[in-house]
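Peer 1: Sequence:
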Amino acid sequence: MGARGGRGQCVGGGETEVVVGVDGERDVAGSPARIRLTKSFIGLVLSVIAGPDPRDRHSIPCDDVDWRDLTLPAGLRVGYSPDLGYARVDPDVRAVVERAIAALDVPVRRLGLDWPDLRETFDALVAAETDLVGLRELAARVPLSAPVRAVLERSWTAEQFTDAVRERKAAANRMARLTDEIDILLTPTVCTTAYDRALPGPATLAGLPAAPDEWTPFSAIANLTGRPAASAPVGLTPSGLPVGLQIIGPHLGDHQVLAVSRLIEQTTWITSGPRRVA
Numbered sequence: 038m039g040a041r042g043g044r045g046q047c048v049g050g051g052e053t054e055v056v057v058g059v060d061g062e063r064d065v066a067g068s069p070a071r072i073r074l075t076k077s078f079i080g081l082v083l084s085v086i087a088g089p090d091p092r093d094r095h096s097i098p099c100d101d102v103d104w105r106d107l108t109l110p111a112g113l114r115v116g117y118s119p120d121l122g123y124a125r126v127d128p129d130v131r132a133v134v135e136r137a138i139a140a141l142d143v144p145v146r147r148l149g150l151d152w153p154d155l156r157e158t159f160d161a162l163v164a165a166e167t168d169l170v171g172l173r174e175l176a177a178r179v180p181l182s183a184p185v186r187a188v189l190e191r192s193w194t195a196e197q198f199t200d201a202v203r204e205r206k207a208a209a210n211r212m213a214r215l216t217d218e219i220d221i222l223l224t225p226t227v228c229t230t231a232y233d234r235a236l237p238g239p240a241t242l243a244g245l246p247a248a249p250d251e252w253t254p255f256s257a258i259a260n261l262t263g264r265p266a267a268s269a270p271v272g273l274t275p276s277g278l279p280v281g282l283q284i285i286g287p288h289l290g291d292h293q294v295l296a297v298s299r300l301i302e303q304t305t306w307i308t309s310g311p312r313r314v315a
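In our numbering, the protein residues as written are 38 to 315.
There could be a bad hint or two in this list.
Derived lysine to any residue pairs resembling SDA-like cross-links, with alpha carbons at most 20 Å apart [claimed, not checked]: (1) Lys206 - Arg156; (2) Lys206 - Thr194; (3) Lys206 - Trp152; (4) Lys206 - Glu196; (5) Lys206 - Ala164; (6) Lys206 - Asp160; (7) Lys206 - Leu150; (8) Lys206 - Ala257; (9) Lys206 - Pro153; (10) Lys206 - His95; (11) Lys206 - Gly122.
Label pairs and their in silico Cβ distance ranges [claimed, not checked]: (12) Ser276 - Leu175: 35 to 41 Å; (13) Pro246 - Gly112: 40 to 46 Å; (14) Pro180 - Ala111: 50 to 56 Å; (15) Ala213 - Ala140: 27 to 33 Å; (16) Lys206 - Tyr232: 29 to 35 Å; (17) Thr241 - Glu157: 20 to 26 Å; (18) Asp90 - Pro246: 43 to 49 Å; (19) Ser276 - Tyr123: 24 to 30 Å; (20) Gly149 - Val179: 43 to 49 Å; (21) Lys206 - Ser276: 40 to 46 Å; (22) Arg114 - Pro275: 29 to 35 Å.
Everything labelled a hint here was simulated from the structure, so no lab data went into it. All C-beta atoms in this analysis are idealised placements derived from N, C-alpha and C, irrespective of residue type, glycine included.
From just these sequences and the hints, can you work out the full model?
Peer 2: The following block contains the structure:
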């Protein structure tokens with residue numbers, strides 16, 4: 038299990054002066070993003086770290102939330118999108134995800150979303166809010182992944198950065214409108230199963246050639262909009278590889294995300310591990 042806290046209730050990294058990575062709207066979550074344990078344990082962690090912190094101007098009080106009580110809220114509206122309108126998902130991954138959703142004891146509405154691909158927007162915002170000078174110096178000394186190098190080696194313009202800010206606002210507005218219809222958005226965690234670790238990404242997706250970063254389109258929407266999100270393992274493909282289900286909640290809906298994640302954990306918990314892949 039893994040969880041990413043939303044902007045507000047979960048304290049971020051503060052206002053760092055030198056950034057290697059990303060800051061701003063995407064720098065939230067702290068410890069929960071790095072915990073891969075049960076949702077009950079993540080709730081326990083949040084009971085300690087959630088709340089206001091002077092180093093995070095977005096943080097707010099949340100003393101009224103019992104993070105250890107993961108009872109599913111009554112009347113929770115859940116929606117599922119297999120692709121957000123643009124992602125290509127391997128059939129085996131989609132089958133495992135949809136089988137897990139069908140096993141949940143809550144009604145789930147299938148959504149016909151037609152949202153734009155946000156990979157370019159995400160890259161531009163990372164470049165705009167990253168210590169480009171420091172990272173470029175680091176890249177000259179140590180090996181970095183191909184997608185990171187592509188961001189660092191690109192010549193960005195101010196217009197690309199301001200376009201990305203505008204597109205992030207549009208993404209936040211789309212999520213806000215969707216929240217009028219549902220509380221929780223379910224998607225696959227990624228488009229594929231494990232691939233050769235020597236490669237930057239799978240060579241193909243759903244039988245067609247794929248860009249190196251095309252396999253992970255779903256997490257960007259939560260990162261860009263500051264929404265709380267989690268990922269839960271929900272099954273294995275016929276080849277024995279694990280598949281995850283992403284749970285995205287409403288603004289300040291960290292508790293709802295954990296409650297749904299706990300339900301998924303109880304319904305689809307994998308007792309046997311995946312096979313070893315070289």
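Peer 1: Now look at each hint and say whether the structure bears it out.
Peer 2: Evaluated hints:
1. Note on lysine 206 and arginine 156: the hinted pairing holds, with a Cα-Cα distance of about 15 Å set against a maximum of 20 Å.
2. Among the hinted pairs, lysine 206 with threonine 194 is consistent with the structure: their alpha-carbon atoms are about 19 Å apart, no more than 20 Å.
3. Restraint check for lysine 206 and tryptophan 152: the C-alpha separation of about 14 Å stays at or below 20 Å, so the hint holds.
4. Note on lysine 206 and glutamate 196: the hinted pairing holds, with a Cα-Cα distance of about 15 Å set against a maximum of 20 Å.
5. A threshold of 20 Å between alpha carbons decides the hint, and for lysine 206 with alanine 164 the separation of about 17 Å falls inside it, so the pair holds.
6. Proposed proximity of lysine 206 and aspartate 160 is supported: the alpha carbons are some 15 Å apart, at most 20 Å.
7. About 18 Å separates the Cα atoms of lysine 206 and leucine 150, which keeps this hinted pair within 20 Å; it holds.
8. As the CA atoms of lysine 206 and alanine 257 are separated by approximately 13 Å, the hinted pair is consistent with the 20 Å bound.
9. Distance restraint check for lysine 206 and proline 153: the Cα-Cα separation of roughly 13 Å lies within the 20 Å cut-off, and the hinted pair is therefore satisfied.
10. For the given pair, lysine 206 sits about 17 Å from histidine 95 by alpha-carbon distance, which is consistent with the 20 Å threshold.
11. Distance restraint check for lysine 206 and glycine 122: the Cα-Cα separation of roughly 19 Å lies within the 20 Å cut-off, and the hinted pair is therefore satisfied.
12. Restraint check, serine 276 to leucine 175: a C-beta distance of roughly 37 Å satisfies the suggested window 35 to 41 Å.
13. Our hint of 40 to 46 Å for proline 246 and glycine 112 holds, since their Cβ atoms are close to 44 Å apart.
14. Evaluation of the 50 to 56 Å hint for proline 180 and alanine 111 yields a pass: the beta carbon distance comes to about 51 Å.
15. Roughly 30 Å separates the CB atoms of alanine 213 and alanine 140, a value that falls within the hinted 27 to 33 Å.
16. Taken as a hint, the range 29 to 35 Å holds for the pair lysine 206 and tyrosine 232, whose Cβ atoms sit roughly 34 Å apart.
17. Here the CB-CB span from threonine 241 to glutamate 157 is close to 21 Å, well matched to the stated 20 to 26 Å.
18. Look at aspartate 90 against proline 246: about 45 Å separates their beta carbons, and that is inside 43 to 49 Å.
19. Roughly 26 Å separates the CB atoms of serine 276 and tyrosine 123, a value that falls within the hinted 24 to 30 Å.
20. A C-beta distance of roughly 44 Å is found between glycine 149 and valine 179, which places it inside the suggested range of 43 to 49 Å.
21. At roughly 41 Å, the beta-carbon separation of lysine 206 and serine 276 lies within the given 40 to 46 Å, and the hint holds.
22. With their beta carbons about 33 Å apart, arginine 114 and proline 275 fall inside the hinted range of 29 to 35 Å.
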